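Now for the letters of each chain:
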Amino acid sequence: MSARSQRILAYTIRHLYLYKRSLPRLMEVFYWPVLDLLVWGFVTVYLSRQGGDLPQFVTFFIGALILWDMLFRSQQGISVSFLEDVWSRNLLNIFVSPLSATEYIFSLLLLSIIKLILTSTVMITLAWFLYQFNIFVMGFSLIPLVANLIVMGWAVGIVTTALILRFGQEAEVLAWGVALLFQPVSAVFYPVAVLPWFLRVIANYIPAAHVFEGMRVVFTTGAFPTKEIVWAAGLNVVYIALSVLFFYWNFKVVKEKGLLAKVGE
Amino acid sequence: MNVLVEVKGLTKAFNGFKLAVDDISFEMYEGEILGLIGPNGAGKTTTLQMLLGLTTPTAGEIRIFGLDIGSAREEILRQVNFSSSYISLPFSLTVEENLTVFSRLYNVKEHKKRIRELLSIFEILDIKDTPTRRLSSGQITRVCLCKALLNNPRILFLDEPTASLDPDIADKTRTLLRAIKKERGLSILYTSHNMKEMEEMCDRLIFMDKGRIIAAGDPESIMKKFGGRSLEEVFIKIARPGQ
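Respectively, the protein sequence lines represent chains D and U.
Using this note's numbering, the first residue of the first sequence is number 1, and each one after it goes up by one.
Using this note's numbering, the first residue of the second sequence is number 1001, and each one after it goes up by one.
To be clear, the hints were calculated from the coordinates, so they are not data collected in a lab.
Everything numeric in this text was worked out from a predicted model, so none of it was measured.
The beta carbon of each residue, even a glycine, is placed where N, CA and C say it ideally should be.
Any given hint could turn out to be false.
As the list claims (entries may be wrong) - Looking from chain U toward chain D, a few residues come up when the C-beta cut is under 8 Å (computed): (1) 1014; (2) 1040; (3) 1046; (4) 1049; (5) 1077; (6) 1082; (7) 1089; (8) 1090; (9) 1093; (10) 1096; (11) 1105; (12) 1171.
So that you can see chain U by itself, here it is in the shape it has in the complex (with noise of 0.2 Å):
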């Protein structure tokens, strides 16, 4: 498999010393989903962050489709694209217009016929020429998802993507998020605190604690690891370890 994404001993220390990330390495396949896990604290987000080019690593490398972020910054987020529960779109725009201003910053080509089929996709077409002002929490993440496939990115990145879903309309996102890998070979870096939705969507996890990488593999396997039934049990054993 190809290797999309290569870290090598990336840190982030911030004010010199406090060390959200320390010294870790991983590879991100084509055509994979991975999970990002970890409490509160473990260093996932500083880590989406420096993949994203928001942050600058203190020490260590990031390779995307094997140029570096720090110098190619450009051609790759031509290539990627991120959506979180945590941002929004501007509120006074239709969500039309919203789509049309990425599309045109990601410069897609037949961008009107692309944002229909995104519409249709996600089930919201026919709202959209509302205000984002008027739509629901779970209608904005749809249309944040629509956003992030404007595109076609090789890599999506997806920080928390169901959080304001209700279970139903969660299950059909991550339905879709599947297919749409397998359709077209994308590969997805997932975060979410929802156990469940992690051990379901994710064919590799990497489990991050207090900065470092203390388990890496498909969740059955770190489930064997840590000795639990279930994602989350291996979860709380490890943001509890006196218990």
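Only chain D is shown next, with the shape it has when bound in the complex (with noise of 0.2 Å):
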């Protein structure tokens, strides 16, 4: 193993020992997603028997709920992962040790895949079992819109680091919340046509609302959502190589204003 491979390695070991025996971590990945599934599918499942005129009802919400919350851990498993290091007060061992930015990086995205496969699997399961909802149906669509809103979500997620970087502790909030700004225009749980005029502007350049437009569209006809899919990897192309540059920028700025050593204080 090189000693690049190595070092990314380390860094994710470091995350994957918190989950032997930290139950806050732990929560973190199973507590919510399950409470969410939990709540909303209930609530979904009621209201599918007040007869809504709507077919699929649950496949539609749950799907939605299920394939939301890969991109939101996608982007939590890099923001959070990194926060982990400024509560601790153990940044600056990791950027004096000769692991690089780059290197950084590829660990924190590896951190955001094995959280996700772990909590994705929890819900996946779940949701088999208390409301026989198998996303599997989707077939092969499924990777290409996974692997789109996990593009999304990393992206948020560098940008998210790369503000906390800059601006300490104080911009912490955002590892929570900016994933959340995005979610009335992806268009999760409704179709981008149910939008004022100015928000489906606006949701034409988020990658997960063609994500979830993709979504029904397999739900509806079985067919392989090729337009959305091209229009979620175009974007997503575009802006995960803007949230590196912006990373990268940051990092500099910070490095020229002294701020690393300050970052969680």
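Using the hints, put the two standalone chains together into the complex.
Structural data, given as structure tokens:
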């Protein structure tokens, strides 16, 4: 294993150790997603029993809930992992080690995938047992749709991390709030068409909005949502590149301003 | 003696005008303990941060092992380490887990053996399975020092390493650092506000005030230069120029 891979793995392991004995960290991965699925899942079942005339009401809602959580977790996998080191005053130890900024980002991406797999496995299994909802009926379409949500989550997570690095713990709230800012225009639980015109314009530039439109195409027609996936992927390529550039630029500014040692104070 | 650190015309201005470090130059030699002292705001921490690549200098040059810190960051950081009483380690991880993570970050061979060896040296082998959050501040400081020695560094940067230790452990730590220095030719850049400690530990001192070096040399020559019987007296003279 190269020294570079060894360092990336080391930083990933540092975070995985946390889950061995930290109840709050386990709650972050399992408790909130499960609670979301229980509450909103049963609300959906209730509404569908009240005679809603929307076909596949439960499917739309539970599917959207699970997919949205994937975006949210992939973003949190990055920003909250970064915050862990701010909280434990360990950030300087990391940045005076040979781990580079690029390796650091790769470790965070790897971590977010691991957390996502854990959370999604629990949610998908629970959705099957409680609501007989099988997300895999989406077939092959599921892979590009999920991949696009993960990449958008990464872009948001990297930008959030860069902002916390720049503005310190005052910006910590962004780690929890930023992804939710995109939810209304991501048309998670309703089609883009119901949005007022100005929000529809914004939604066109949100990868998640195309993913959720794609999800509805799959559920209603079973067809592969090529147009939606191409749009989401195109936007994601631009956003992930911009987010990485933004991180490097911020990292440079933080070093120029001597703020790296002050993050977490 | 080999020059390990070479600093030339190092300057740091924040927000374009506030000079935290003002055109300083010095060298650090292999096997020496070099102390950075000065009142708060003298520029010690900024200098240390620039040496570690955490802060970008406005002007000047830093060469460590003959390499430029800006372009050879990874190669330099593999061979140095840092500890400060103001930083900590992840609280939920045990002592051994924390040291394992850093062993891997520094690519330490036979890391389990190395961790046990260091924990024994610092007399904290019994807490290896204890989560860091349950340790006293003195124990955390010693674990941080173990972390700082994991990679057998050629240069150790220590920022007030004994600030949270009781006099007994602080004395043991100083004795240990001197022994490691003697045994392995380790070079240490040391900062502390404890002037007695600096007098005892350092081969050479750099006295900074308002971003500039106002004196450099062995502790005795600095005391002589400022007419003080102890470093503390010299420090107070400089900090209160009107009295």
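Hint by hint, here is what the structure shows:
1. Against a cut-off of 8 Å between C-beta atoms, the interface hint on residue 1014 (chain U) holds, since the closest Cβ of chain D lies about 6 Å away.
2. Given hint, residue 1040 (chain U) at the interface with chain D, is violated; its Cβ is 15 Å from that chain's nearest Cβ, farther than 8 Å.
3. Annotation: residue 1046 (chain U) was flagged as interfacial toward chain D, and the flag holds, the nearest CB pair being 6 Å apart, inside 8 Å.
4. Residue-level restraint check for residue 1049 (chain U) holds (minimum Cβ-Cβ distance to chain D is 6 Å; threshold 8 Å).
5. With 8 Å as the threshold, the beta carbon of residue 1077 (chain U) comes within range of chain D, its nearest partner Cβ sitting at about 5 Å, so the hint holds.
6. With a least beta-carbon distance of about 5 Å to chain D, the hint placing residue 1082 (chain U) at the interface is held under the 8 Å criterion.
7. Using the Cβ-Cβ criterion of 8 Å, the hint placing residue 1089 (chain U) at the interface with chain D is satisfied: the shortest such distance is roughly 6 Å.
8. A distance limit of 8 Å between C-beta atoms decides the matter here; for residue 1090 (chain U) the minimum to chain D is near 5 Å, and the interface restraint holds.
9. The interface hint given for residue 1093 (chain U) is met, as the beta carbon of that residue sits about 5 Å from the closest beta carbon of chain D, less than 8 Å.
10. The beta carbon of residue 1096 (chain U) comes no nearer than 10 Å to any beta carbon in chain D, farther than 8 Å, and the hint placing it at the interface is violated.
11. For residue 1105 (chain U), the interface hint holds, the least distance from its beta-carbon to any beta-carbon of chain D being 5 Å, beneath 8 Å.
12. Among the interface hints, the one on residue 1171 (chain U) is violated; its C-beta lies about 25 Å from the nearest C-beta in chain D, farther than the 8 Å criterion.
Hint violations for this structure: numbers 2, 10 and 12, all remaining hints satisfied.
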